[in-house]
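Trainee: Based on the sequences and whatever the hints tell you, model everything.
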Amino acid sequence: MKSAAASSPKPALSILALTKDEAPRLPDFFAALKPLRLAHEVVLVDSGSRDQTRTLGARLGGRILKAPLEASRPRATAPSRMPGPLDPGPGRR
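Taking my numbering, the leading residue of the sequence shown gets 152, the next gets one more, and so forth.
Do not take every clue at face value.
[Stated by the list, open to error] Straight-line Cα separation of at most 27 angstroms, DSSO-like style, residue types lysine-lysine; simulated pairs:
#, residue 1, residue 2
1, K161, K217
2, K185, K217
3, K161, K185
4, K185, K171
5, K217, K171
[As the list claims (entries may be wrong)] FRET-style restraints, in silico, Cβ to Cβ:
#, residue 1, residue 2, range
6, P219, A174, 12 to 22 angstroms
7, A183, A209, 11 to 21 angstroms
8, K171, G212, 18 to 28 angstroms
9, R188, L211, 14 to 24 angstroms
10, R201, P160, 30 to 40 angstroms
11, A190, R210, 14 to 24 angstroms
12, R201, K161, 25 to 35 angstroms
13, A163, R201, 14 to 24 angstroms
14, K161, A209, 32 to 42 angstroms
Source of the hints: derived by calculation from the structure; they are not laboratory data. Bear in mind that the values here come from a model prediction, so they are computed numbers and not experimental data. Glycine included, every Cβ here is placed at the ideal spot set by N, Cα and C.
Mentor: So this is what it looks like as structure tokens:
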């Protein structure tokens, strides 16, 4: 039998958020994403939070990756672990 994750369609969009001690802001962040009409996933790349960022992020539906806070390491680690297409943002193509 396939797991639910294995049978889920690939997200059309992967949203990457670098976090450290962001628990107070997560509910508003996830609420702001609710109007999105395309399939998406939220990946929180956490750099050693000491609050409830990882626990709350997972409870709100995010996928949690742990990455040490070393210069740009979280930015370099996460994209290779995201199934959706990547848009590097304005001016970075």
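Trainee: Now look at each hint and say whether the structure bears it out.
Mentor: Status of the hints after comparison with the structure:
About 22 angstroms separates the Cα atoms of K161 and K217, which keeps this hinted pair within 27 angstroms; it holds. Among the hinted pairs, K185 with K217 is consistent with the structure: their alpha-carbon atoms are about 24 angstroms apart, no more than 27 angstroms. Of the pairs offered as hints, the one joining K161 and K185 holds, with about 18 angstroms between alpha carbons and a cut-off of 27 angstroms not exceeded. Under the criterion of a C-alpha separation no larger than 27 angstroms, the hint pairing K185 with K171 is consistent with the structure, at around 22 angstroms.
With a C-alpha separation of about 10 angstroms, the suggested pair K217 and K171 falls inside the 27 angstroms cut-off, and the hint holds. Our hint of 12 to 22 angstroms for P219 and A174 holds, since their Cβ atoms are close to 19 angstroms apart. For A183 and A209, the Cβ-Cβ distance of about 18 angstroms falls inside the hinted range of 11 to 21 angstroms, so the restraint holds. Evaluation of the 18 to 28 angstroms hint for K171 and G212 yields a pass: the beta carbon distance comes to about 20 angstroms.
At about 19 angstroms, the CB distance of R188 to L211 agrees with the hint of 14 to 24 angstroms. Roughly 36 angstroms separates the CB atoms of R201 and P160, a value that falls within the hinted 30 to 40 angstroms. In this structure, A190 and R210 meet the distance hint of 14 to 24 angstroms, their C-beta atoms being roughly 20 angstroms apart. A beta carbon spacing of about 33 angstroms between R201 and K161 agrees with the range 25 to 35 angstroms that was offered as a hint.
The given range of 14 to 24 angstroms is broken by A163 and R201, whose C-beta atoms sit roughly 34 angstroms from each other. Our hint of 32 to 42 angstroms for K161 and A209 is violated, since their Cβ atoms are close to 20 angstroms apart.
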